[in-house]
Amino acid sequence: MQLLSKITRTVKFRRLKEKVIESFFFINGSFAVIVLVGIFSLLLIEGFPALQEIGFKEFFLSSNWNPTSPVREAYGILAMVVSTLMVTLGALIIAVPLGIACAAYLADVAGPRTREIVKPVIEILAGIPSVVVGFIGIIVVGPLLSRLFGTSHGLNALNGSLLLAVMALPTIVSISEDAIISVPREFKNASLALGATRWQTLIRVTLPSASSGIIASVMLGMGRAIGETMTVLMATGNAPALPSSFLESVRTMTATIAIELGETVQGGIHYRSLFVIGFVLFIMTFFVNLISDVILEKYQKVNR
Amino acid sequence: MKIRKRNVQQWAGFFILRLAALVIVFILVFILYDIISKGHRVISWEFLLEKPRRGMTEGGIWPAIVGTFWVSLVTIVFSVPIGMFTAIYLNEYARQGRIVRLIRLAIRNLSGVPSIVYGLFGFALFTLYLNLGLSIISTGMTLGLLTLPWTITASEEALKTVPMSYREGALALGATKWQTIRSNVLPYAVPGMLTGTILGLARAAGETAPILFTGVAFFWPILPKFPVNLTQQFMALPYHLFIMSTQHHEIVKVRPLAYGTALVLIVLIIFMNTVAVWIRYRFRKKYKRA
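Those sequence lines, one after another, are chains A and B.
Position 13 of the first sequence, counted from 1, bears residue number 12 in numbering that gives the first Met the number 0, the numbering being contiguous throughout.
Position 5 of the second sequence, counted from 1, bears residue number 4 in numbering that gives the first Met the number 0, the numbering being contiguous throughout.
Some hints here could point you the wrong way.
As the list claims (entries may be wrong) - Across the chosen pairs, the derived CB separations fall in these ranges: (1) B/Val276 x A/Pro96: 25 to 33 Å; (2) B/Ser43 x A/Phe286: 43 to 51 Å; (3) A/Thr7 x B/Tyr280: 44 to 52 Å.
The hints are simulated quantities; they were obtained by calculation from the structure and are not laboratory data.
For glycine and all other residues, C-beta sits at the position ideal for the given N, C-alpha and C.
Sequences are here, hints too, so could you generate the full structure?
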């Protein structure tokens, strides 16, 4: 009788212990959500007072950013939003065709030995720190562009786009390749059996079937390009004005935060307005990633 | 005739694809070649093990190496346990449902948050609100948050490779869930988790934007000594490269030093990647035998 009660007690204790352990892991599991919500709310709390003071209209629609002016401080982020979008667009124009072509080559054309060489190359490229890419931008790409276009220096939007293309390429290649590889074998076989060449099959059957995965990869690459800081900070020349061509110096949202946060007074409008820029960046990348997420999820369901 | 035209078309098409792959390989080879060929000249024991001298126009990068090391250590200590436990929850305990989907959504979105935004967040939270100041610990924790999504994903991948039968065997013998995880799942998943951790760390070690505001210093020759003072400022390799290539007053004169720093940084990161891949390779081989 005594033994039985002892056993029941042990079992009860064990169950309790298991419950405690499970809740410990659950608390850890929810940490990611807490961090995401934390980032969102902290940016909002720190930034909102500035937005109230400056006013939505001026903040988002004015391109005059001059927070240290002795006469009248101006906080309009339009110029840097345009700069960010412009540099990103340029990067995508370069990286998307190159990345998709490379992915198609790896997935459909290359032999196993070539793949074994090229895949690690992509991985190493993904691992190169952005500050090193920026360094190359200053030392190699800049002088090259200035000679090519006859400008006084080569630190401009085009330079930034080229570097961002390098940063976005690994993402685009690896995710597009996954998408192309997972196109069902039967699709290709059917096309080949009808007499199409491998090239025709690739262009008319395989790539269209993988299109949602490819689009998702482009969105992810775009997210990376929008949020990239060091390369654009180092290579685009940092002129805070509305750009009119790719050969002009520009200053992106990320670069503005990097340059100016150190000089601001904590709690001041300038300081807070940088948090608003951070918030806008957060929202932009959030939606870009969300879209790619939705596409990928849908497409995984279709393929299953 | 038509067949020949199609063959030419295919040949040209494949040629373009091959060219695209070649361009990408060329980009990497060019970056590595440029940095190795110009950086190796300044590499010496003096460069690696001494402090910068004369307004950083001479001397070495030892404080930056040490700083990067300590920050990375804090990053691991902060991010690995949370990442591992989250992965254990998601893969072993959680039932599919709304909460798990929410957590996964959060993880995926965290990995897309720009690094400079982590910098803002870390600055506001750790440096100001938690009053940790400009310090190694603020920076390590900021980078810990940044690497968290990668640590979680890698740990989960590692847990997924452990066959279901290992768990079923233990459960059938009457082990509790936690006993099963501890004795039959974790030992087999740890090498995989280690790989993911090192890969995440390699990326964190090269990050510059998130550490700009949390304590990295232009010049800070005081090295942390045992017992470590984690509340002081520090130098870091990527930031050192940044100032040597953009902020220094004698930018052309210190260019060789900048190349040397870039080389050390790249070698460090490629070395960490290689170690990670090697662990994964060993682990796979061992696993096949088991």
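Tested hints:
The supplied range of 25 to 33 Å is met by B/Val276 and A/Pro96, whose beta-carbon atoms lie about 30 Å from each other. In this structure the supplied range 43 to 51 Å holds for B/Ser43 paired with A/Phe286, their Cβ-Cβ distance being about 50 Å. Hint check: A/Thr7 to B/Tyr280, Cβ distance near 49 Å, so the stated range 44 to 52 Å holds.
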